[in-house]
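Enquirer: When we follow the working numbering, the leftmost residue of the sequence shown carries the number 1, and every step to the right adds one.
Source of the hints: derived by calculation from the structure; they are not laboratory data.
Computed from a predicted model, the values in this text were never measured in an experiment.
Please note that the accuracy of each hint is not assured.
[Claimed, not checked] 30 Å max Cα-Cα, derived DSS-like pairs, lysine-lysine:
#, residue 1, residue 2
1, Lys113, Lys303
2, Lys104, Lys28
3, Lys113, Lys300
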Amino acid sequence: MRALLFAGSLGLIGTLLGTRWAIAILAKQGYGQLIRDDGPTSHHTKRGTPTMGGLVIILATLVAYFAAKLLTRDLPSASAMLLLFLFVGLGAVGFVDDYIKIVKQRNLGLRSKAKFGGQTFVAVAFGWLSLQFADSRGFAPASPAISFIRVVNWELPAILVIIWVLIIIVGTSNAVNLTDGLDGLATGSAVMVFGAYTLVGIWQNNQFCAITPGEECYNAIRDPLDLAVVAAAITGACFGFLWWNASPAQIIMGDTGSLSLGGAMAGLAVMSRTELLLLVFGGLFAVITLSVILQVGFFKLSKGRRLLRMAPLHHHFELLGWAEVTVVIRFWIICGISVALGLGIFYAEWVLGV
Numbered sequence: 001m002r003a004l005l006f007a008g009s010l011g012l013i014g015t016l017l018g019t020r021w022a023i024a025i026l027a028k029q030g031y032g033q034l035i036r037d038d039g040p041t042s043h044h045t046k047r048g049t050p051t052m053g054g055l056v057i058i059l060a061t062l063v064a065y066f067a068a069k070l071l072t073r074d075l076p077s078a079s080a081m082l083l084l085f086l087f088v089g090l091g092a093v094g095f096v097d098d099y100i101k102i103v104k105q106r107n108l109g110l111r112s113k114a115k116f117g118g119q120t121f122v123a124v125a126f127g128w129l130s131l132q133f134a135d136s137r138g139f140a141p142a143s144p145a146i147s148f149i150r151v152v153n154w155e156l157p158a159i160l161v162i163i164w165v166l167i168i169i170v171g172t173s174n175a176v177n178l179t180d181g182l183d184g185l186a187t188g189s190a191v192m193v194f195g196a197y198t199l200v201g202i203w204q205n206n207q208f209c210a211i212t213p214g215e216e217c218y219n220a221i222r223d224p225l226d227l228a229v230v231a232a233a234i235t236g237a238c239f240g241f242l243w244w245n246a247s248p249a250q251i252i253m254g255d256t257g258s259l260s261l262g263g264a265m266a267g268l269a270v271m272s273r274t275e276l277l278l279l280v281f282g283g284l285f286a287v288i289t290l291s292v293i294l295q296v297g298f299f300k301l302s303k304g305r306r307l308l309r310m311a312p313l314h315h316h317f318e319l320l321g322w323a324e325v326t327v328v329i330r331f332w333i334i335c336g337i338s339v340a341l342g343l344g345i346f347y348a349e350w351v352l353g354v
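Given the sequences, and given the hints that come with them, work out the whole structure.
Expert: Laid out in structure tokens, this is it:
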């Protein structure tokens, strides 16, 4: 448990102090955010705000995790290393996207096919590797079966598992990316989701069959406590980053941060056997993504008409006259309700055994 405290605290300190240093360096290099001309006019004042702040979150998380393992004299687990691989890998894809935006001075970075290709490569590699490295009980970091709160009793062929993992990772990373449109919105929401996964990992470890035998104990999960350590490190890193990212933002995480955070959420869902529960934990991200899908679909079917004033959903409310801070706080409340509901469902399943 000491590793959890070390990881969370060091992640918080790392971004709280490191982000100020990053802001100065990024501003000096001219790595500023570009703003869409068709977006809310209030966003034009954000043009030039240092971006790629996700690098600070990634570095702080890595330092926090490995420092925690060093301080507790414990070896990293296969599950944690795979999760960090996914986290850093998608962050690298996002970094390339951000860098192209800055160098070419355009709001679009990587072409959609190239971006999807990068996400696919990292996700497929993670999916395949997560089915390897079985422990002494025969359980790999990922399960060959789809899960809600626990795995089901039937397994899928490896190729279908990898495709399923790919869908979860790409969908979640893009959902967080779409949400990252207002100061602090994605960062604050991520704090809540990763905080929830920290609690899930602690609970699964405490109710592990080898520790607490019983009908409802958890047995098919590998390294739940170490997954919680990574989740705690990311929670702390996002919390510290929020100090600088809250309105008015002094730095923006960019695709570097949003893709990596979305990937980590998906990885935690896969390895904690809570894949479909992620839809509840990340209810805000799901609704925002759905708003984009509905907007595009309605626009095509109605030959040019719009369902919303602008998608994603948070920009729609801005154009209705809501202040940015009001939108962010109310969306945080929605995210908090989603996370609380998810934890309630998770605990109820254990209590009721359903």
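Enquirer: Are the Cα atoms of Lys113 and Lys303 separated by 30 Å or less?
Expert: At roughly 25 Å apart (the allowed maximum being 30 Å), Lys303 and Lys113 satisfy the hint.
Enquirer: Please verify whether Lys113 and Lys300 have alpha carbons no more than 30 Å apart.
Expert: Holds, because 21 Å separates the two Cα atoms, which is no more than 30 Å.
Enquirer: What's the verdict on Lys104 and Lys28, does the C-alpha distance respect the 30 Å limit or exceed it?
Expert: holds (18 Å)
Consistency with the previously given hints is maintained throughout, with no hint failing.
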